[in-house]
Amino acid sequence: MDSQRGVVEEPRSQSLNRQGSLYSLTLDEVQTHLGSSGKALGSMNLDELLKSVCSVEGNQPSSMAVNGASAAAVATQEGLSRQGSLTLPRDLSKKTVEEVWKDIQQDKNGGGSGAHKQPTLGEMTLEDLLLKAGVVTETVVPGSNHDGGPGGSGGIGQNIAQVAPWVQYHQLPSMQQPQSFMPYPVNPDMQAMVSQSSLMGGLSDTQTPGRKRVASGEVVEKTVERKQKRMIKNRESAARSRARKQAYTHELEIKVSRLEEENERLKRQKEVEKILPSAPPPDPKRQLRRTSSAPF
Amino acid sequence: MENMGERVIEPLIMGRVVGDVLDFFTPTIKMNVSYNKKQVSNGHELFPSSVSSKPRVEIHGGDLRSFFTLVMIDPDVPGPSDPFLKEHLHWIVTNIPGTTDATFGKEVVSYELPRPSIGIHRFVFVLFKQKQRHHFNTRKFAIEYDLGLPVAAVFFNAQRETAARRR
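Chains A and B, in that order, are what the protein sequence lines are.
Taking this note's numbering, I'd label the letters of the first sequence as residues 106 to 401.
Taking this note's numbering, I'd label the letters of the second sequence as residues 62 to 228.
It is worth saying that the hints were derived from the structure and are not from the lab.
Below, in silico cross-link-like pairs of lysine-lysine (DSS-like), each with a Cα-Cα straight-line distance of 27 angstroms or less:
(1) A:Lys-338 with A:Lys-327
(2) B:Lys-98 with A:Lys-350
(3) B:Lys-115 with B:Lys-190
(4) B:Lys-99 with A:Lys-350
A short, non-exhaustive set of chain A residues, derived as facing chain B with CB atoms under 7 angstroms:
(5) Lys-338
(6) Arg-345
(7) Ala-348
(8) Arg-349
(9) Gln-351
(10) Ala-352
(11) Tyr-353
(12) His-355
(13) Glu-356
(14) Ile-359
Cβ coordinates follow ideal geometry from the N, Cα and C atoms, glycine included.
With the hints as extra help, turn the sequences into a complete structure.
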């Protein structure tokens with residue numbers, strides 16, 4: 106197995122990002138995770154394959170939600186499964202995995218770009234498969250500048266516009282999440298495959314030709330902004346809630362202590378009064394008396 | 062004057078009333094605000110339906126010759142996360158004599174029932190002691206309120222009246 110791929114099981118630090126995390130699954134792993142519920146991978150068509158992968162992801166929110174930044178992860182995962190499958194071009198979606206694999210083998214023999222390193226289908230990652238099937242362009246980049254047109258017939262580098270924003274959702278949350286089948290850096294070889302270069306890394310997508318790509322970049326940026334704002338607002342709200350609670354608790358403590366003191370004082374006073382009768386005698390001066398005579 | 066204890070103001074600080082609404086101060090009067098016999102405690106939450114009528118406000122302190130002003134406001138309008146309308150005025154009662162309650166004062170701004178729209182609002186009652194009527198200084202007053210020089214004046218004389226003199 107190519108050393109570039111590394112060992113997928115090993116949880117990598119998420120300071121690399123989650124780019125292509127979904128795609129980094131090798132097909133063997135996808136098979137494993139689909140378990141007995143999926144049919145044999147090879148005979149699945151691409152549509153089914155993606156759907157089952159999505160549902161696998163969708164079923165794993167708890168394993169995703171390992172760390173504090175889980176909410177975003179869960180959201181993206183759910184967003185993923187809600188988005189359902191990619192909209193594949195018809196001619197591709199019906200192809201089975203095996204057929205696509207054969208195509209790839211043929212390309213390899215014919216083109217021989219030399220970058221293919223997977224000797225067997227099972228070791229190929231989902232990403233590679235989709236890429237080579239022409240479903241997806243390289244997953245590194247949020248704003249790669251393919252033009253949005255329908256383009257060719259499934260050749261490598263074809264851009265499916267709907268794919269891009271979906272893909273980018275993965276790239277957003279750069280979180281630390283050690284997981285058994287996720288974290289994986291994008292194979293740099295991918296970039297060589299793609300016909301056009303694109304922006305790297307950042308979400309600032311300034312002067313790229315192609316309206317659809319620019320829109321995606323902006324959408325990504327706004328989503329991040331919105332998430333951060335939401336987080337800040339949430340924190341403030343939590344702080345206010347704590348302040349309310351603490352204020353009331355403290356008030357009650359003060360009242361309790363005051364009442365306890367008064368209670369003690371009254372009890373002692375009662376004791377004292379038992380010993381010494383202290384009721385004052387009625388004041389004789391208060392009794393009624395004539396003070397002046399009639400004025401005649 | 063009663064010993065209030067230094068701790069009385071602490072819940073006001075924790076609830077950020079001292080900060081958002083008031084500066085730090087030393088309470089010297091014991092004030093009881095109660096809706097339907099239930100006393101208002103700092104930080105406790107009440108239903109808007111239970112505060113729809115003006116509360117009883119007792120002033121335990123001062124004397125009959127000292128007068129107090131009561132103000133009620135909401136600093137969290139329209140919502141605590143973004144209170145761009147702060148503060149909303151709910152009630153003002155002036156000339157409340159010491160040791161009495163707000164019914165003895167003058168309602169300068171009539172009571173408006175709380176109707177928090179967004180989030181959890183704080184509703185704050187603040188009591189001020191009015192300056193004494195003795196040692197009033199007309200000149201100083203005019204300066205304080207930037208009134209300038211008077212535009213008119215007139216005076217009359219009077220002395221103590223007895224039953225004998227009235228006849």
